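Colleague: Protein chains in written order, with this note's numbering: chain A, 890 to 1038; chain B, 890 to 1038; chain C, 890 to 1038; chain D, 890 to 1038.
Everything labelled a hint here was simulated from the structure, so no lab data went into it.
Treat the numbers as computed from the prediction; the structure is a model and nothing was measured.
Keep in mind that the hints are not guaranteed to be accurate.
Note that the list lumps identical chains together, so a pair holds whenever it fits in one copy or between two copies.
To be verified - Straight-line Cα separation of at most 25 angstroms, DMTMM-like style, residue types lysine to aspartate or glutamate; simulated pairs:
{"id": "1", "residue 1": "941", "residue 2": "994"}
{"id": "2", "residue 1": "961", "residue 2": "1023"}
{"id": "3", "residue 1": "898", "residue 2": "954"}
{"id": "4", "residue 1": "898", "residue 2": "1011"}
{"id": "5", "residue 1": "941", "residue 2": "1011"}
{"id": "6", "residue 1": "961", "residue 2": "1009"}
{"id": "7", "residue 1": "941", "residue 2": "992"}
{"id": "8", "residue 1": "941", "residue 2": "1023"}
{"id": "9", "residue 1": "961", "residue 2": "986"}
{"id": "10", "residue 1": "961", "residue 2": "944"}
There are 4 protein chains.
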Amino acid sequence: MVQLHARTKNVTSYRVIYGDTDQMGVVYYANYLRWFEQGRSEFLRQIGLPYKTIEEQGLHFPVTEVSCRYFKSAHYDDVITIATQLTSVGRATLNFDYTISREGDSASLASGSTRHACVDADGRITRIPSNLAERLARVLVTPTESTEH
Amino acid sequence: MVQLHARTKNVTSYRVIYGDTDQMGVVYYANYLRWFEQGRSEFLRQIGLPYKTIEEQGLHFPVTEVSCRYFKSAHYDDVITIATQLTSVGRATLNFDYTISREGDSASLASGSTRHACVDADGRITRIPSNLAERLARVLVTPTESTEH
Amino acid sequence: MVQLHARTKNVTSYRVIYGDTDQMGVVYYANYLRWFEQGRSEFLRQIGLPYKTIEEQGLHFPVTEVSCRYFKSAHYDDVITIATQLTSVGRATLNFDYTISREGDSASLASGSTRHACVDADGRITRIPSNLAERLARVLVTPTESTEH
Amino acid sequence: MVQLHARTKNVTSYRVIYGDTDQMGVVYYANYLRWFEQGRSEFLRQIGLPYKTIEEQGLHFPVTEVSCRYFKSAHYDDVITIATQLTSVGRATLNFDYTISREGDSASLASGSTRHACVDADGRITRIPSNLAERLARVLVTPTESTEH
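Pulled out of the complex, with its shape left as it was, chain A reads as follows:
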């Protein structure tokens, strides 16, 4: 269902610069986490909840866990595609999944996930406000959907 899919997945892109590479001639592994961040930032903007606005309301979603598997290398000047989905919304947690691919040949480069805690302005873990939780729940990818791609 196209409309739903559009709601539940964000696709954004980035062109690799020299500064992202290391002396193996490929993108340094830590930089994929910058791409994950770009992906979830664009995901939140797409669903009408820019992270900047969330922060202005005194909430933060720091990463509490990250994992990434690397399949193929990204190279200088590659345009990479970041696909992001929200996979769970808990009382005070969120989980995102990411897939990184190369635009030119559609090669799958990496996949990963992040887990986030909801914290207030004082850094204390806090329940996700109900209006925010509801909006997030609406764009949550269901297990069935997530197996589609």
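Following the hints, position chains B, C and D against chain A.
Modeller: Relative to the frame of chain A, chains B, C and D by itself:
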């Protein structure tokens, strides 16, 4: 057994600079992967196998998987401690474990692991040469040891 | 003169991520040099000489000097605009100028320049090949043009 | 005069990690600005004015200008030395000079400078408080001293 322990674990440190932090006032999550790299680089140097020398022999150990759990935030000017252990040596793979703590209060900040493939100069996965595999196996932390700390 | 202007200036953009900021809540000063690199990379692509192609011919243009003046801060989620011009082509050197502005309010954030040496595959300084020098000379901004904006 | 010299110059070091390099096999040019920051941070600590403490008093010294000249490349695993001096203290400005060298062969790799504005908690340029200005003036390198090395 102190002597063995000294052989199988590397402890190194790093002082957080401003450029490592983000606008939440804490170290950006991707930078922990730089610390993991510093940790395994010092681990390999400590056991007499500097990574630079390994590369000069035409071998590379790119990261194929990484995971990190974040417990507490690292802040500007903190001196953090990186403890690194080698947890497995396969035919063409290595696994390292890392724990990140703060020197001042010994707070545990994060823990993580990386998995590496052994690749040759052409980027093909290759068996770890036997002399290298043997030297690595000698410093491998056993399950019993690793549960000690 | 619009057509000439289009040839001699590249304008590209970038959205600031969290990882670019520091604990002052603004983009860390070193990251502007990443933007300069993005700017000159897009400039070279625009004139039909992608840097990747230049490198495939065994030439590199490492930075030998950089300067940057910072007027206003860039913030998280700002879309910044990078305008790049080639300001001189010597026997074995290139100079680029950059201006960084914010897309939203057109605020001028920073300006800077880089100087590059032409080096061959062995890292020796070498004369810019004449065909490359000619193509670069054609897109060189003249003093008159550069004072226009 | 040894004692004065010790007061007016800070020397600190850093070992290059893989993540600092780019595909030319050398340290990416923007990362030198991280070293400048490390240098001035250690300089301020050495003279008893850690930047963290300055910030806790509601003052910041953001960079308003930077320049760097690159002489030789820094490589993976090099231990580089950062020498930092304070070269001027104005009403609301500071200037630092930096020289980057390689520990192994003492090769001079780069030199640069930064200019800083003194801003208050609201980001407004403000006069450097007199007690701070006096302490900084005491460690200011004079033109004669700075030409010595």
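Colleague: If a hint holds in the structure, say so; if it does not, say that too.
Modeller: Hints and how they fare:
In this homomeric assembly, residue 941 and residue 994 come within 25 angstroms of each other (Cα to Cα) only across copies, at 17 angstroms, whereas the closest approach inside a single copy is 34 angstroms. Proximity of residue 961 to residue 1023 under the C-alpha cut-off of 25 angstroms is found in neither arrangement, the shortest distances being 37 angstroms within a copy and 28 angstroms between copies. Taking the shortest Cα distances, residue 898 and residue 954 sit within 25 angstroms of each other both inside one copy (21 angstroms) and across copies (24 angstroms). In this homomeric assembly, residue 898 and residue 1011 never come within 25 angstroms of each other (Cα to Cα): the closest approach is 31 angstroms inside a single copy and 36 angstroms across copies.
Taking CA atoms no more than 25 angstroms apart as the test, residue 941 paired with residue 1011 passes in both settings, with 17 angstroms inside one copy and 20 angstroms between copies. Proximity of residue 961 and residue 1009 under a CA criterion of 25 angstroms is satisfied inter-copy only: 15 angstroms between copies versus 38 angstroms inside one chain copy. Proximity of residue 941 and residue 992 under a CA criterion of 25 angstroms is satisfied inter-copy only: 17 angstroms between copies versus 28 angstroms inside one chain copy. Only within a single protomer do residue 941 and residue 1023 lie at most 25 angstroms apart by alpha-carbon distance; the minimum there is 19 angstroms, versus 41 angstroms between protomers.
With identical chains, the CA atoms of residue 961 and residue 986 are at most 25 angstroms apart both within one copy (18 angstroms) and between copies (23 angstroms). For a Cα distance limit of 25 angstroms, the shortest separation of residue 961 from residue 944 across copies, 20 angstroms, qualifies, whereas the shortest one inside one copy, 35 angstroms, does not.
The structure fails hints 2, 4 (numbered hints given earlier, in ascending order).
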